[in-house]
Structure formats: C-alpha cells, structure tokens
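J.: The lines below spell out each chain.
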Amino acid sequence: MDWLFFGEISLAGLAMGGLYALIALGFVIIYKATRVINFAIGEIMMFAAYLFLAFAGGLEMSPWVALPLAVLGGSILGGVIEKVMIRPMLGESPISVVMVTIGIASILVGLVELLWGADPQLLPRFLPREPVFIGEMYLAPKIAYGFLIGAALLILYLLYFRFSRGGVALRATASDQAAAYSMGINVRRVFNLAWVFGSLAASLAGVLVAATGGLSPQFGAIGLSVLVVVIVGGLDSILGALIAGVFIGWLETVAGAYLGGEYRMPATFAVLAVILVIRPYGLFGTHEIERV
Amino acid sequence: MAQDKEPIVFGGSIPLSGVFAFAGVHLHAGLTDYTSWINSQGGINGHPVKYVMEDTGYEVDRSVAAFKKITGSNTVPVYYGDSTGFMKTIASELNSRGTTLMSGASFATALTDNEQYPYQFIPGPNYSQMFGIILEYIASQGEGGEKPTVAFVYSDTEFGKDPIENGKEKAAELGIDVVEEIVTKPGSVDVSAEVLKLRRVRPDYVVFHGYVLSPINEFMVQMRQMGLDTQFMGTFWSSDKLIINKMGEDADGYMGVMPYNYYDSQESGPMLDALRAQAEKSDPEAGYRPTGYMQGWFNAMVWTEVVKRTLDAGKELNAKNMAESLSSIKDWDTGGIIGVPVTAKNMSFPVGRIWRVNAKEGRYEPVSDWIQLD
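Residue numbers (our numbering), protein chains in the order written: chain A, 1 to 292; chain B, 1 to 374.
Fair warning: there could be bad hints in the mix.
[Stated by the list, open to error] Label pairs and their in silico Cβ distance ranges:
1. 224/A - 161/B: 52 to 58 angstroms
2. 148/A - 285/B: 39 to 45 angstroms
3. 136/A - 169/B: 37 to 43 angstroms
4. 158/A - 245/B: 40 to 46 angstroms
[Stated by the list, open to error] If we take Cβ atoms under 10 angstroms as the criterion, some of the chain B residues that face chain A in the derived model are:
5. 154
6. 178
7. 199
For the record, the hints were derived by calculation from the structure and aren't laboratory data.
Virtual Cβ for every residue (Gly too), placed ideally from N, Cα, C.
From just these sequences and the hints, can you work out the full model?
T.: Set out below in structure tokens:
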C-alpha cells in the first residue's frame, strides 16, 4: 500500500467534502426552519457563480470584491424567492412546494442562458496557484484554499446559530413553530432569514466549486448530487450535513482513485441505500421526517 | 436566384438550447449560411435548397418529434441529427422508411457500422479514427526507437467511452504504452485525485475525450504545477477556440485533432474562401466562427455532393441511392475545408490533422500534415 498516495487522495477527498458540506448546509438550513426541500439550491449556486463571473470577468472588479458581492447576490435571490414564490405556498402540500422549487430551478437555468449564453465558462483566477504541501502530501491549491474559505463560513454560521438572537430564533422556530409564535418570534421573518442564509452558504460553495470545475448552465446538477449527502446526514441536521459532506467527499474520491471514476457514484449510492435501510431519517436526522 | 424546380429540403433536429446549445447555435449558422450560399450559386442542379429545422434542447424525444414533424410535412432527403442518442433511436425508422440519409453532430464510432446504420454517416473521422490520427501523430514523436507513453482521460458517458477500446488496440498496434486510464464524472467538479494518479505514471501525452472544456483545464494546470512536461491532446468537440478564450495562456501547447481547417487558419481554397465571405456577409459582427460552424457547413456540402451525384446518375433521391453516392466519393476536393482530397470509407471521412494552440496568437496552428487512415 502506497500510504503517501492514500494520504494525498484522502486529503483531496476531505477538502472536496468540505465544499459538499457547505452545499448541504444550504439544503439543511432551509429545510430545518421551513420544512421545504429546496431543489433549486444548485441553480442558486450557479446563479451566484455567474454573478461572480459578471463582476470579476465582465466588470473586471477585484475577485475579492466580486466574491462577497456574488454571494450577497445569491443570498438576496434566495430571500426574494422565499418572499415571492414560496411564502404564497404556505399551507399547501409539501409536494406542491417542492414542485415550485423545481420550477424555479428551470427558470434560473433559462435566465442564465439568456444573460450569459450557453458556452461553458471558467471563472477568473482568484485563488493562489502555488502547490500546497502538507508534509510530503500534495494538495491542489484551489481545493485547499476553497476548503479554508468554506470552513471559515461554516465556523461563522455555527457561532451565529449558537450565540446570536437571529440564530436562537431560527433554532426555536425549527424545533416548534407554534411555540416560537407564542413567544413573539416573527416566524415569517425567520423563514426568510433561513432562505437567505441557506442561499448564502450555497452561493459561496457555488463560486468555489465553479472556480475548480468550471461553470455552465447545467452546473446546478451538483445540487442534486449533494442531496445524497443531506439524506445520509439527516435532512434537518446541520451536524449531519457537515459530517456526511466530508465523509461522502472522501469516499467518492477514494473509490474513484482505487476502483475507477465510474465507481464514484455507485459507492455513494451504496452508502445511501444502507443508511436508508438502517436509519431512514439519516445519521443525525430526527425520526419524524416525512420523506418526499 | 430563384429556380422553378422543387426545392430540396435539408432537415434538422438542432440543439439551440440545452447542454449542447454552445455548439448548436454555430452549426445552425453553418447550415443556414451554406443554404444561402448554395442558393446563390443556383441551388443543386437548379433545385433551390430549403433548410427546415426545429430546436430540440438536445433531448432525444424532442429530436424524434422534430424529425416526425419535419419529414411529415416535407420530402426530406437529408437530415441533421443532434446527438448519438437520437441517431441511434431513429435508426430503425430511418432504415424502414428508406427516404432519408442522415448525418449530424455525432462522430460516434457505432454509427459507422453499416449493417445497423446503413443510412447514417459521419462528416469527418469517427471518434475511434480521431484517436487513430492522434496516436499516429504521437507514435511519430518518439525518439531513438522509443515510443512516447500515453494516458487516456475520458468522461463516464457513452460519448467519453466511445473510442477507448479501439484506441487501446491502435496504441498496441503502434507500440505505444497506455500507462493509465482515467474515467471522470461528466461535469466533474474536482480532478485533483486523478491528477495525483497521473503524477505517478508521468505520461508523455494525455489524450482527453468526452469533454468540451472542463476538466481539461484543471488537468493541464495542476500537472504543470507539479512540474510535469506532459503534453495534452483532445478530439473534435474539445478542440475549438473556446479552450483558448477561456483558458488564456494556460491553453498554450494544447493539441487537437481537427478534420477541417480552422476559420482563422492561414489555409485557403475556393470553398473555404466562400465560407468566410458568406459568414462575413450573414453576420459581419461575429468574427471567428467556431468549429461547429465548419461542421455544419461541411455536413451540408456532403449532402449537396451526394444529392448531386444521385441526380446526375438519374436515380431517385432515396436513402439507398444516396448512401451509394456517398460511398462513391473518392479523392473529392472540398475546396480547402479539408486540406487534402478526401475519400468516403465506411460512411465516414477518416482524415484529420493535429493542431497546437499558440496562446500568444490566440489560435491553433498545424503541427502535422493531414493524416488519412486506411
């Protein structure tokens, strides 16, 4: 066994898994607060990445100005979607709401094709290009720095949810909406906040993933593949999203390296199948989740 | 120029939207401009040409619906298929109708199986033949009797896997060692683990297939970051200027196999000049025309040649007669679209040339002669 190779592969997988965790967080925050599975999360990621392209490429802004602007744009988009399209669906069946999110995804793809065309794109370079070595282990710089930026946001989120008023309101609403209402929490505002925060995490992940793998109007498909992560971790568990994200990223990469690229997806779906049999609500999810 | 004779219809399932739209809009422009040009030349034996198409979104069911709609309301001797999936799906109907000869965006090796697909052809080399041309070039680069080593990197799709087995056979035949095979997810997000595998085998050449842009850029950048002097090559759909426009200086040295001259190459010829003039006329602002445009134009050129040969022989315009006309094409001068006279073999044109990116000049430059496979 070449342990150096295994170490390098594992590092690459864990770092990629960190980005999966960030995307999964976008799913989980929205589901946890509002009980809506947002199938448009991938397209929100895509939209933010195109905004980055417009700011840093088209308008030639510094990438470090373009990045927060693009992430802000993506999170505003999430807030607007909640207010304009999801809120009127309150009280409708979960399937109807899910269908609305699928519709939103299609609209965003069409919008991006209209605004930016159908050509595949590469984002302007903004991450350092010098190889990263941890001991003797090589790690691709884009993945390494992408992971660090993503991890910084994750830590900020965890602190916010733990210590801020907004975070407490979010957690309270997630655990019992009626009680939250009765305690004077503005639940509608919390719903909107959840969409904004979920979209913010996804938008940052969108720019970081697109910086690594390129961008096209079909980029949003990655959001669906991260659904595996969310189901494995538990749809309403932030901790689950983090652990499952990192694990699935590692597993995919190791399976791809040792068995071949065609085994990446089967490996993760095998885990999904096992989890669904043993714990249908995911590793860290709560038992009463109603699955779609 | 108006003609009194019945129009000859060029039909097409065209992907103006969806995942292949980036190429679809250009091949549509190529087909449209060729139609205008041939009509300005008096059509085909006095028959005007009419191009009838539908947008398919690169979806097989929509392509089939478009085919039925267009062939239901027109007599369509030749038709453009937008994908391998559609061309395979429609094959049995095409065979039983016997009215239409089809080519299109696909270079799939399977479509040159004349038993199964007698009325479909490839407007260039198929993917296996592209690999053949690439490998012949690589074999010629060996020094002191040593053959360079090669790795294949391809997407986990029917498109990606198409030439791999034939490519391995061809490599063995030429004495080239295939030191690694990497399969990636389509739309791959991260390839750093795959790059680590290539670092261990250090191939002289990496041949990509089944991609348009990503992850070719990531492989090239990361392998160069590691100090490897590997050279990178790709097939038709990943050998357009898109690579240069998006990658910039990182694209320098990338090589592609191309059956046609590039729009902005220094080559010339009466048809290539006509193409450039027509492109300029139809859209003066467009500038460079991508390889999809060249492919659309060449498709229509072959259809014209096939229809003309069939009419000149006094035969009915049906699929069987047109397939025979196609097979009769030998040492055909394409007027500079392809730099050497071409011969149809097994419903394809197995010819191409290796071009290398000169990033400073922002274009591909030829690094081999035209290579014709037997």
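J.: Taking 39 to 45 angstroms as the stated bounds, is the beta-carbon spacing between residue 148/A and residue 285/B within them?
T.: 44 angstroms, holds
J.: Interface hint check: residue 154/B, Cβ to nearest Cβ on chain A, cutoff 10 angstroms. Holds or violated?
T.: 9 angstroms, holds
J.: Could you say whether the range 37 to 43 angstroms given as a hint is met by the Cβ separation of residue 136/A and residue 169/B?
T.: 38 angstroms, holds
J.: Grab the minimum C-beta distance from residue 178/B to chain A and call the hint holds if it beats 10 angstroms, violated otherwise.
T.: 14 angstroms, violated
J.: When the nearest CB of chain A is found for residue 199/B, is that gap smaller than 10 angstroms?
T.: 8 angstroms, holds
J.: CB of residue 224/A to CB of residue 161/B, is that within 52 to 58 angstroms?
T.: Given a distance of about 23 angstroms, which is not inside 52 to 58 angstroms, the answer is violated.
J.: Note whether the CB distance of residue 158/A and residue 245/B lies within 40 to 46 angstroms or breaks it.
T.: 41 angstroms, holds
In terms of the numbered hints stated before, the structure departs from hints 1, 6, listed from lowest to highest.
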